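Chain residues, written in single-letter form:
There are 2 protein chains.
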Amino acid sequence: MAGGSGTRFWPKSTANRPKQLLGFGRDNPETLILQTLRRFDGIVESSRERRFIVTTELLKSAIEDQVGTKDVTTLAEPAARNTAPCIYWAAREVFLRDPKGILLVMPSDHYIPNREAFRKTLSAAAAWARTHDDLVTLGVKPDRPETGYGYLKTGAEVGRSEGMPCGKVDAFVEKPNLTRAQEFLKSGNYLWNGGMFLWKAETILCAFDSLMPEMKLAWESAKGVLTDAYPKMTATSIDYGIMEKAKNVVSFSLDAGWDDLGSWTSLESVADVLQARADVGIVTGGDVLSVDSSGNIVDAPGKLVALLGINDLIVVHHGDSILVARKERAQDIKLIVDQVKAKFPTKA
Amino acid sequence: MAGGSGTRFWPKSTANRPKQLLGFGRDNPETLILQTLRRFDGIVESSRERRFIVTTELLKSAIEDQVGTKDVTTLAEPAARNTAPCIYWAAREVFLRDPKGILLVMPSDHYIPNREAFRKTLSAAAAWARTHDDLVTLGVKPDRPETGYGYLKTGAEVGRSEGMPCGKVDAFVEKPNLTRAQEFLKSGNYLWNGGMFLWKAETILCAFDSLMPEMKLAWESAKGVLTDAYPKMTATSIDYGIMEKAKNVVSFSLDAGWDDLGSWTSLESVADVLQARADVGIVTGGDVLSVDSSGNIVDAPGKLVALLGINDLIVVHHGDSILVARKERAQDIKLIVDQVKAKFPTKA
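Going line by line, the protein sequences match chains Z and W. Oh and the first sequence: position 290 is 290 in the numbering used here, straight run, nothing missing. Oh and the second sequence: position 301 is 301 in the numbering used here, straight run, nothing missing.
Here chain Z stands alone, though its shape is the one from the complex (with noise of 0.2 angstroms):
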């Protein structure tokens, strides 16, 4: 899944250039949705009958241009309809190709360092999808009380594959509050709900034709014209319209130090990777010089950036815009880029 608005890294980001497209991190360059595709070497072939982009027809060229069209087939929504049109779209696709075909469904935006982890983890959870009718979450184990994410509440043990346990999930749970955060982190019981899913496409289609009948009908009375169907189809995301109402939800637990990249300040979770400097903070491009500066995130490339007793901002510069946001209201980054959007769309 590749869609986005490109709001949450603006400047760095923008309507026609998501996260998906950028890469962060001196050391680490390469674009996300490259590190997602890689991620799968040696797991799903890397061929245009097996790998897919879903996106929008906006940034499909931007997006082959980055991947190619050799090695993955692009699939271009006439527009952005949440998640479950998108899947929907995708299963029918892996469907036609292999009716006894499992999909892995990714977001291709997140941060995963610990490849190996992540392969083992969805090995075991591909020969489960493989031989149940269950629909498989990889739901990543949580290193603190986070309340910026969703959780999947686990329950009793329904099996293991290669050796590891794989769990009931008996409910999909909305960001909690810290105490109830911290919670969940001591139950054990709880994983973050990270988006990344497993089931046959049969599995998934039923599940659709049983919870969202409508996404058939629409499909069927367009006759497969995809601008037709999309907008009869509901714009709602998966979470909402088919797991936290199907009764087959089985999870994985992943532990290879995932972040979905919500925003800037999350770069400071993945900081061992990136190097804090003590003097500036997170720097993910441009030089910077500091005199009496801490806990910064700074991105410009090919720019010099000199701070003066300046601290827990965020300082950005990309194109012709700049950035300075405090750390604390990283989350509404979208009230700055509502006005870019009014005042000079062709900078958001």
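Source of the hints: derived by calculation from the structure; they are not laboratory data. Just so it is clear, the structure is predicted and the values come from calculations on it, not from any experiment. Zero decoy hints are in this set.
Intra- or inter-copy, both count: the list cannot distinguish identical chains.
Quick list of in silico lysine to any residue cross-link-like pairs, SDA-like style, CA-CA up to 20 angstroms: (1) K60 x V72; (2) K168 x K247; (3) K327 x D312; (4) K341 x G286; (5) K341 x L304; (6) K175 x Y240; (7) K334 x L304; (8) K327 x G295; (9) K60 x K70; (10) K343 x A278; (11) K334 x G309; (12) K343 x D292.
Given chain Z, put chain W in place with the hints provided.
Frame of chain Z; chain W shown alone:
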């Protein structure tokens, strides 16, 4: 006088482009040196015989690019050695051309918005200097208890010129603390030392011979070869070398909105002209959008600057350099420039 090291407004100013070569304010893009020259129109003839700019070899061509060579003579010092050698040389040049000539000595990088008030005071002071062997200063009438300027302590009125009182200067006073500055303001007997002087060439040369006799010795032993004379002249200020010691110093009070533009924050003193924005602060270049921000100073021509939760900062983009500084640290930008000189000398 048009020397300067270009540190205080870095990165807008640099060693090759000090403050006098820059314009400040959206509605007033004329550079400070051009403003300075224009301030004398109608008072000082626009000619190479009447107008002299003393600068350094480093800056000569940049200055001549702005002011031309037709109506003003540029004197390039072999090296910057503070104001005393600069004024000594200029006085000799004027004396050569007109033994009865008087000099008006002015910094080229100050801001004086009320041109008519300036001309009126200048005319009165020039008339006094023409008819008295005094060292005349234009002292700035203070409108606040400023601790960032030196003061002139004025005593008895010694006469009037064109209706304006001329006061004896009893002392040059270093930058005071706030309590003393408040006393100065209340007493009405103190003026800011703005470094603006008038005197006969003959009078100042006499003062040099009496108080800094080494200047004449240096000049004569070098037989007029500037590069030989300059290293032998004492690198000190006219204030310390002459004014604080001379007995014949008088002053006229200038009330024309003067500011020395000593730092980025000084732009706030001219905020009425620069039209501070409630949602940002002072903007002297660039488009600025903001959320929950105020009291900032932004100069980033050609850029879109977005501020999110930002208060009391200086944000500047020029060339390939970006400065983000706390306003209260504006006087410490030189610490940054020292680092720039050491690590990125072409950007200082």
